[in-house]
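Engineer: Note that the protein sequences, when read in sequence, are chains L and F.
Note that numbering that gives the first Met the number 0 has the first sequence beginning at 0, numbered continuously upward.
Note that numbering that gives the first Met the number 0 has the second sequence beginning at 0, numbered continuously upward.
Please note that the accuracy of each hint is not assured.
It does not matter which identical chain is used: a pair holds within one copy or between any two.
List of simulated lysine-lysine pairs, DSBU-like, C-alpha gap at most 35 Å [what the hints assert, rightly or not]:
hint : residue 1 : residue 2
1    : Lys13     : Lys340
2    : Lys323    : Lys293
3    : Lys398    : Lys196
4    : Lys82     : Lys13
5    : Lys398    : Lys340
6    : Lys276    : Lys293
7    : Lys236    : Lys293
8    : Lys236    : Lys276
9    : Lys82     : Lys398
10   : Lys155    : Lys13
11   : Lys82     : Lys236
12   : Lys190    : Lys82
13   : Lys293    : Lys340
14   : Lys41     : Lys276
15   : Lys398    : Lys152
16   : Lys236    : Lys398
17   : Lys138    : Lys398
18   : Lys340    : Lys41
19   : Lys210    : Lys190
20   : Lys293    : Lys82
Since the hints were made in silico from the structure, they are not lab data.
2 protein chains.
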Amino acid sequence: MTYNNITSLLTPAKTKIVLLVMDGLGGLPMQAGGLTELETAKTPNMDRLAAEGMLGQTLPIDYGVTPGSGPAHMSLFGYDPQKYEVGRGVLEALGVGMYVHSGDVAVRGNFCTVDASGVITDRRAGRIPTEEAMPLVEKLKAIQLPGVTLEIKHVKEHRFALVMRGEGLLPDLEETDPQRTGVAPLPVVAKTPEAEKTAELFNQWVAEARKILADQPKANCLTLRGFATDPRLEPFKDRYNLRAACVAVYPMYKGVSSLVGMDILDVDGETPDDEFKVVERAWNDYDFFFIHIKKTDSYGEDGNFDAKVHVIETVDEALPRLLKLNPDVLIVTGDHSTPAKLKSHSWHPVPYLLWAPDTVRPDDQNCFGETACARGGLGTINSLESMPLALAHAQRLTKFGA
Amino acid sequence: MTYNNITSLLTPAKTKIVLLVMDGLGGLPMQAGGLTELETAKTPNMDRLAAEGMLGQTLPIDYGVTPGSGPAHMSLFGYDPQKYEVGRGVLEALGVGMYVHSGDVAVRGNFCTVDASGVITDRRAGRIPTEEAMPLVEKLKAIQLPGVTLEIKHVKEHRFALVMRGEGLLPDLEETDPQRTGVAPLPVVAKTPEAEKTAELFNQWVAEARKILADQPKANCLTLRGFATDPRLEPFKDRYNLRAACVAVYPMYKGVSSLVGMDILDVDGETPDDEFKVVERAWNDYDFFFIHIKKTDSYGEDGNFDAKVHVIETVDEALPRLLKLNPDVLIVTGDHSTPAKLKSHSWHPVPYLLWAPDTVRPDDQNCFGETACARGGLGTINSLESMPLALAHAQRLTKFGA
Numbered sequence: 000m001t002y003n004n005i006t007s008l009l010t011p012a013k014t015k016i017v018l019l020v021m022d023g024l025g026g027l028p029m030q031a032g033g034l035t036e037l038e039t040a041k042t043p044n045m046d047r048l049a050a051e052g053m054l055g056q057t058l059p060i061d062y063g064v065t066p067g068s069g070p071a072h073m074s075l076f077g078y079d080p081q082k083y084e085v086g087r088g089v090l091e092a093l094g095v096g097m098y099v100h101s102g103d104v105a106v107r108g109n110f111c112t113v114d115a116s117g118v119i120t121d122r123r124a125g126r127i128p129t130e131e132a133m134p135l136v137e138k139l140k141a142i143q144l145p146g147v148t149l150e151i152k153h154v155k156e157h158r159f160a161l162v163m164r165g166e167g168l169l170p171d172l173e174e175t176d177p178q179r180t181g182v183a184p185l186p187v188v189a190k191t192p193e194a195e196k197t198a199e200l201f202n203q204w205v206a207e208a209r210k211i212l213a214d215q216p217k218a219n220c221l222t223l224r225g226f227a228t229d230p231r232l233e234p235f236k237d238r239y240n241l242r243a244a245c246v247a248v249y250p251m252y253k254g255v256s257s258l259v260g261m262d263i264l265d266v267d268g269e270t271p272d273d274e275f276k277v278v279e280r281a282w283n284d285y286d287f288f289f290i291h292i293k294k295t296d297s298y299g300e301d302g303n304f305d306a307k308v309h310v311i312e313t314v315d316e317a318l319p320r321l322l323k324l325n326p327d328v329l330i331v332t333g334d335h336s337t338p339a340k341l342k343s344h345s346w347h348p349v350p351y352l353l354w355a356p357d358t359v360r361p362d363d364q365n366c367f368g369e370t371a372c373a374r375g376g377l378g379t380i381n382s383l384e385s386m387p388l389a390l391a392h393a394q395r396l397t398k399f400g401a
Numbered sequence: 000m001t002y003n004n005i006t007s008l009l010t011p012a013k014t015k016i017v018l019l020v021m022d023g024l025g026g027l028p029m030q031a032g033g034l035t036e037l038e039t040a041k042t043p044n045m046d047r048l049a050a051e052g053m054l055g056q057t058l059p060i061d062y063g064v065t066p067g068s069g070p071a072h073m074s075l076f077g078y079d080p081q082k083y084e085v086g087r088g089v090l091e092a093l094g095v096g097m098y099v100h101s102g103d104v105a106v107r108g109n110f111c112t113v114d115a116s117g118v119i120t121d122r123r124a125g126r127i128p129t130e131e132a133m134p135l136v137e138k139l140k141a142i143q144l145p146g147v148t149l150e151i152k153h154v155k156e157h158r159f160a161l162v163m164r165g166e167g168l169l170p171d172l173e174e175t176d177p178q179r180t181g182v183a184p185l186p187v188v189a190k191t192p193e194a195e196k197t198a199e200l201f202n203q204w205v206a207e208a209r210k211i212l213a214d215q216p217k218a219n220c221l222t223l224r225g226f227a228t229d230p231r232l233e234p235f236k237d238r239y240n241l242r243a244a245c246v247a248v249y250p251m252y253k254g255v256s257s258l259v260g261m262d263i264l265d266v267d268g269e270t271p272d273d274e275f276k277v278v279e280r281a282w283n284d285y286d287f288f289f290i291h292i293k294k295t296d297s298y299g300e301d302g303n304f305d306a307k308v309h310v311i312e313t314v315d316e317a318l319p320r321l322l323k324l325n326p327d328v329l330i331v332t333g334d335h336s337t338p339a340k341l342k343s344h345s346w347h348p349v350p351y352l353l354w355a356p357d358t359v360r361p362d363d364q365n366c367f368g369e370t371a372c373a374r375g376g377l378g379t380i381n382s383l384e385s386m387p388l389a390l391a392h393a394q395r396l397t398k399f400g401a
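Bound-form chain L, shown alone (with noise of 0.2 Å):
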């Protein structure tokens, strides 16, 4: 359990947190008696900061639950994924780099195939390689619809995402996917009479889009699901009264922070010492700092072992920057696990370093891996309790009761 009103204990400070999250860290050894990708990399960083602070290992929702990477990062700022749910329209949309804002409604599309008589024969299009599919989301930007605005954006063979703005719009709408072969695209349908207009809007985009799409030959019709709008989180901010900044490189990451008000940083390159080099430039201007580095997890789904041991390697050699500039918290985790051996996310705990020098109770561990963080004085914790235990660290926090 969180402590659920984290915002009466804030008191002013003016110390500096930053959350460093390697995406996908956890691992498994890839024989009996092995190590993990984490234990097998030479960190001796992160080695130092084990030994000096404190070792435990998060569970992002719970028991064995395999997160996404949108409620796991929800989680590791502090909103309970099971509580604010961000819908598959908007992580869509923010996944290729599309901000969706108050009053928008994005929605997931995917491109499928129809017969003469209009039932669907494959409901992804044959999976349609990217390359084909991009210039079919081209073609579609080209509809456009009295009152609102429209923005599309590719996002991985027959998948496309779509967001709409302008006044009145509700995402209280009726998924088109039939989840089927055999019938019809279903129409838009609104869930509540207030989102009709919006419901009528994306009818017309549909009916639109057929005709751009009728002559091809394997993607000529399309369905919609997830419609969802911006999940109105309070931001940072208010909830924890930090100026916070995101410094990641993929699309997602940043999308997600843009929701709870971080300011998204811009990144030149995208080795860790790029990342940390524009959290050096932006030090004074904020007083929380999230970095995100990707390539641990792409590694991971990859199945390569090897390649994830040095990312986490070329982090940690780039951890003296971060560190010169004297954090008062550091914590150095994942946001979810991501074993090479298994090729996917997964539901095991993940490592996590909380090393804050004048405040942290160091623990008798001393390397930074699965094994130790398994053994670590914080035990195992869910990853909503990060943020309380970063603003405690950071001095951030005052009593609870006289």
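Start from chain L and add chain F according to the hints.
Structural biologist: Relative to the frame of chain L, chain F by itself:
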């Protein structure tokens, strides 16, 4: 907290899970500085599994709470015993091998002694010995009532269980035990108008029973407690998409398993090896096997440390038969602790071993015992987390969120 909608994350798989429960497994050293029953037992097979797998300790209910066998198993099966109450009448009936189906009303009966004026002089009929009580229960079998069928079985000493079956029966009835001597047993009173017919039937049954018992020296009357019906638990198949089988020797455990829709397999003999042979034969027909070993608990209750140690050793010796089947997930644990030192169930956490060659993250423990489990990678978890963990390690759960 346990993730509250595991069903929504299910994904098809052909993997197999074995839950091996040694009842009352957790123990205590008899003297300061000594070892527990499990630590004393020679368990080379379990120690190997511990080295390859992950250890932890479970709380069946919560810190300091000693569970009965019913709630302890409910928790291991993933049904919160604080939420899904299995009434005392149902547990008593299950405990003597009677099934309680939807619409049946089960109740626990106590023989008592009343004086000539009808007031209770002994609420337990002097704890009448089993051999004297059994013939009385036989006599009560003669009672017949219109429109319902009745099943009655002796439990132990002054206790028996009664199940009434028929149309329109409801368990919303007040107990008849006044909880003190010097007053008459209470009538069966309906708590709702709909239950009045059932109350009337039970009152008729009590009247008939009192006639039969009238000339008994001690057990000349009775009280009824804990009216209850089938708790209508969601079956394992619906909740977890698992075809589940129970391999147990004692009625109570078959009963609790039947409440969650497991198939109950017949066991020829009662050694661990006899039970494992049943699993061997049924291996292809099920995805989940619950195997229950009773005697660890029985000897714990007797205070027989050495005999409990020996039972654990016979389980370990038989284990290769189970391992040869190549389960994807094997959990070895208890439902609760029954330290021989205390001669009773206790609140102490329960040793828990999770072995899953393809997916487990091993910790640095290599010996199955209470001290090792307290230092295991899994930490201390509620038993409710066992099913999500089993499903995750069997790769039967998909991602939460995108």
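Engineer: Each of the hints needs a verdict: does it hold here or not?
Structural biologist: Against the structure, the hints come out as follows:
no.: 1; hint: Lys13 to Lys340; verdict: between (43 Å within a copy, 19 Å between copies)
no.: 2; hint: Lys323 to Lys293; verdict: within (23 Å within a copy, 41 Å between copies)
no.: 3; hint: Lys398 to Lys196; verdict: between (50 Å within a copy, 34 Å between copies)
no.: 4; hint: Lys82 to Lys13; verdict: both (31 Å within a copy, 32 Å between copies)
no.: 5; hint: Lys398 to Lys340; verdict: between (45 Å within a copy, 17 Å between copies)
no.: 6; hint: Lys276 to Lys293; verdict: within (17 Å within a copy, 49 Å between copies)
no.: 7; hint: Lys236 to Lys293; verdict: within (25 Å within a copy, 39 Å between copies)
no.: 8; hint: Lys236 to Lys276; verdict: within (24 Å within a copy, 54 Å between copies)
no.: 9; hint: Lys82 to Lys398; verdict: both (26 Å within a copy, 17 Å between copies)
no.: 10; hint: Lys155 to Lys13; verdict: between (43 Å within a copy, 30 Å between copies)
no.: 11; hint: Lys82 to Lys236; verdict: both (20 Å within a copy, 28 Å between copies)
no.: 12; hint: Lys190 to Lys82; verdict: both (21 Å within a copy, 33 Å between copies)
no.: 13; hint: Lys293 to Lys340; verdict: within (18 Å within a copy, 38 Å between copies)
no.: 14; hint: Lys41 to Lys276; verdict: within (22 Å within a copy, 48 Å between copies)
no.: 15; hint: Lys398 to Lys152; verdict: between (48 Å within a copy, 24 Å between copies)
no.: 16; hint: Lys236 to Lys398; verdict: both (20 Å within a copy, 30 Å between copies)
no.: 17; hint: Lys138 to Lys398; verdict: between (59 Å within a copy, 33 Å between copies)
no.: 18; hint: Lys340 to Lys41; verdict: both (20 Å within a copy, 33 Å between copies)
no.: 19; hint: Lys210 to Lys190; verdict: within (26 Å within a copy, 65 Å between copies)
no.: 20; hint: Lys293 to Lys82; verdict: within (26 Å within a copy, 41 Å between copies)
Going down the numbered hints, you'll see the structure goes against none, and every one checks out.
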